[in-house]
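A.B. asks: For reference, the chains in residue letters:
Protein chains: 2
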Amino acid sequence: MSRQGSAGTGGPLDAESIARGVIGGNRQMLARAITLVESENPVHAESARRILEQCITEGRHAMRIAVTGSPGAGKSTFIESLGEEIISNGHSLAVLAVDPSSLRSRGSILGDKARMEKLTARKEAFIRPTASSGHLGGGAPKTHETMLLLEAAGYEVIILETVGVGQSEVHADAMTDFVLLLMLPGSGDELQGIKRGIMEIADAVGVTKADGERVELAKATASDFTAALGMLPEKHPGHRRKVLLTSARSGAGIKETWGEITGFFDLLQKSGELELRQLQQRSSLLRDLVEWGLRKAYRSDPAIQQRKAEIEAEVAAGRLSPFEGADLLVEAFRLRR
Amino acid sequence: MSRQGSAGTGGPLDAESIARGVIGGNRQMLARAITLVESENPVHAESARRILEQCITEGRHAMRIAVTGSPGAGKSTFIESLGEEIISNGHSLAVLAVDPSSLRSRGSILGDKARMEKLTARKEAFIRPTASSGHLGGGAPKTHETMLLLEAAGYEVIILETVGVGQSEVHADAMTDFVLLLMLPGSGDELQGIKRGIMEIADAVGVTKADGERVELAKATASDFTAALGMLPEKHPGHRRKVLLTSARSGAGIKETWGEITGFFDLLQKSGELELRQLQQRSSLLRDLVEWGLRKAYRSDPAIQQRKAEIEAEVAAGRLSPFEGADLLVEAFRLRR
Numbered sequence: 001m002s003r004q005g006s007a008g009t010g011g012p013l014d015a016e017s018i019a020r021g022v023i024g025g026n027r028q029m030l031a032r033a034i035t036l037v038e039s040e041n042p043v044h045a046e047s048a049r050r051i052l053e054q055c056i057t058e059g060r061h062a063m064r065i066a067v068t069g070s071p072g073a074g075k076s077t078f079i080e081s082l083g084e085e086i087i088s089n090g091h092s093l094a095v096l097a098v099d100p101s102s103l104r105s106r107g108s109i110l111g112d113k114a115r116m117e118k119l120t121a122r123k124e125a126f127i128r129p130t131a132s133s134g135h136l137g138g139g140a141p142k143t144h145e146t147m148l149l150l151e152a153a154g155y156e157v158i159i160l161e162t163v164g165v166g167q168s169e170v171h172a173d174a175m176t177d178f179v180l181l182l183m184l185p186g187s188g189d190e191l192q193g194i195k196r197g198i199m200e201i202a203d204a205v206g207v208t209k210a211d212g213e214r215v216e217l218a219k220a221t222a223s224d225f226t227a228a229l230g231m232l233p234e235k236h237p238g239h240r241r242k243v244l245l246t247s248a249r250s251g252a253g254i255k256e257t258w259g260e261i262t263g264f265f266d267l268l269q270k271s272g273e274l275e276l277r278q279l280q281q282r283s284s285l286l287r288d289l290v291e292w293g294l295r296k297a298y299r300s301d302p303a304i305q306q307r308k309a310e311i312e313a314e315v316a317a318g319r320l321s322p323f324e325g326a327d328l329l330v331e332a333f334r335l336r337r
Numbered sequence: 001m002s003r004q005g006s007a008g009t010g011g012p013l014d015a016e017s018i019a020r021g022v023i024g025g026n027r028q029m030l031a032r033a034i035t036l037v038e039s040e041n042p043v044h045a046e047s048a049r050r051i052l053e054q055c056i057t058e059g060r061h062a063m064r065i066a067v068t069g070s071p072g073a074g075k076s077t078f079i080e081s082l083g084e085e086i087i088s089n090g091h092s093l094a095v096l097a098v099d100p101s102s103l104r105s106r107g108s109i110l111g112d113k114a115r116m117e118k119l120t121a122r123k124e125a126f127i128r129p130t131a132s133s134g135h136l137g138g139g140a141p142k143t144h145e146t147m148l149l150l151e152a153a154g155y156e157v158i159i160l161e162t163v164g165v166g167q168s169e170v171h172a173d174a175m176t177d178f179v180l181l182l183m184l185p186g187s188g189d190e191l192q193g194i195k196r197g198i199m200e201i202a203d204a205v206g207v208t209k210a211d212g213e214r215v216e217l218a219k220a221t222a223s224d225f226t227a228a229l230g231m232l233p234e235k236h237p238g239h240r241r242k243v244l245l246t247s248a249r250s251g252a253g254i255k256e257t258w259g260e261i262t263g264f265f266d267l268l269q270k271s272g273e274l275e276l277r278q279l280q281q282r283s284s285l286l287r288d289l290v291e292w293g294l295r296k297a298y299r300s301d302p303a304i305q306q307r308k309a310e311i312e313a314e315v316a317a318g319r320l321s322p323f324e325g326a327d328l329l330v331e332a333f334r335l336r337r
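Going line by line, the protein sequences match chains A and S. If you read the first sequence in the working numbering, its first letter stands for residue 1, the second for the next number, and so on. If you read the second sequence in the working numbering, its first letter stands for residue 1, the second for the next number, and so on.
No lab work stands behind these hints, which were simulated from the structure alone. Watch out, some of these pointers could steer you wrong.
Only part of the chain A face toward chain S is listed, based on derived beta-carbon distances under 10 Å [stated by the list, open to error]:
1) 240
2) 242
3) 243
4) 335
Below, a sample of chain A positions facing chain S; criterion: calculated Cβ distance under 10 Å [said to hold, decoys possible]:
5) 21
6) 23
7) 187
8) 294
Far from chain S, by Cβ distances over 12 Å, these chain A residues were calculated [stated by the list, open to error]:
9) 17
10) 24
11) 27
12) 28
13) 35
14) 40
15) 80
16) 87
17) 188
18) 239
19) 269
20) 308
Cβ atoms here follow ideal geometry from the backbone N, Cα and C, with glycine treated the same way.
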């Protein structure tokens, strides 16, 4: 009977039981907890909050790795290969993957090519397609919260897949320990259009699909990126950022990439920087939660929403400028209790 | 002597004179006004506000066009060709371009290939590289404010170049009338990874570099995108969204793209939707200004910043969770006067 309970969350289990399940490594409970965290329903938000409070006290930390790049850069096949390598080294792995179904939910647009099929079948891996992971803008803390759940569940490595250039990467950098930027052979031209930000936050660059006829082009691209990295200051003192040639098809460069990542973590651990970084991640979560909280308080206050409607009408009628209107609304929000 | 005045803004001219200059079509005054709008200096912010208040009362509107796509999709060469076409049709044009210098400011990384060289030389065009235009996340209203200045200066067409997939496009959609998505030949594969959002907000798709050997591939890509658009609901009732084959090199498809855009504006004007959309843009600016204002009020309040430091220390020490800390800070902000 309880299976018929609150849709998508799998029944009326209390937050404490779910939290215990997560911490005990129960995958169903973990999935349920993530659904609650991602939910927009205020009742779910309250449960999610209680689960998160319990999970965070466990104080577990994973190696958090962001894998970023343009659509088509081969992120998901690369993650599948790297994931196999990680598991074969004896680690458990969680992947927060960009959800391709968002494009297909009203019917299949480009077929149903499953993503990370092999990895999904492995019991050591937990793959979660997430609508939010591709779009980290706006300070939404949900991705960060989901990572806390994965850590509490005991996953040793977390891979966060993100799309695009821009705010997403800055957020990914703030909530992970290592940022791997994936680029296609021939994408050296794009350096022109790439905002400096993305090169500054990358801890390594992987040139993907470096196989068959593309090997030479991939090498030239790697040189371009190596030169570009050489002109930027170091991100972590003492760590020279590498450009790796990789191929999910031939397997080339996958072991080397994992070696590069583990070497980086060793370095950070020895210098004490890893612990510092984890503290910074917590501060960054706090900042995101405050921004989110301010926005939520603003939007959920009926008196403010009433005033907002009035001011919008004044602005539309040209009796107030948007600048005057905004001042009035910020003021109104601060004087409410 | 006045030339030596406040650096970057070119001297101590008062806001009223600058506003008059902008409205009178003086390019130097326009450039200075944009610099003030983009400045983080609170003194500049006040001048900028006064200039904007005067400019907005002019009530001028331009055709606002967003051109978006991944790095390397050929946005700047496309905009150069489309810009020539627009000028040859007798219109004045302003372009807010992604600033490539952000990558190069500590020395040339990939040479100094000038962007939009030909267009920059035309007196009918005003090209402004802008650090913010590529990254519209976080509700920053500066790009929108810059467009108000360009409209007050009398530009009939504004092109806003944006990079990436994600939040940037959603913002670009909220502040423009027409969104053109540029894609490379062969990028049909990327449909898999593209969030639905970007396809839903595109009013047309341009397949770039459709010349020479790439023509056949470009045609196949156009079919992929046509099929994808066909599965999504209409963005504007009565407007069938087109996929255009274009080449900045051969000039193919450029006239057609401009024809498509003007046809769209005619349709919107006749139905009254254009006016409605301009009202919505003003509401969206108001929303962005409120978010920005809330964040600014939060960050600039010394008592809150003091409390924030205390709470951050408590969170770092594990005596408060980030969730509890955020609640306390949101509460503290609302109770301050």
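A.B. asks: Which hints, by number, does the structure contradict?
C.D. replies: 1, 2, 3, 5, 6, 17, 20
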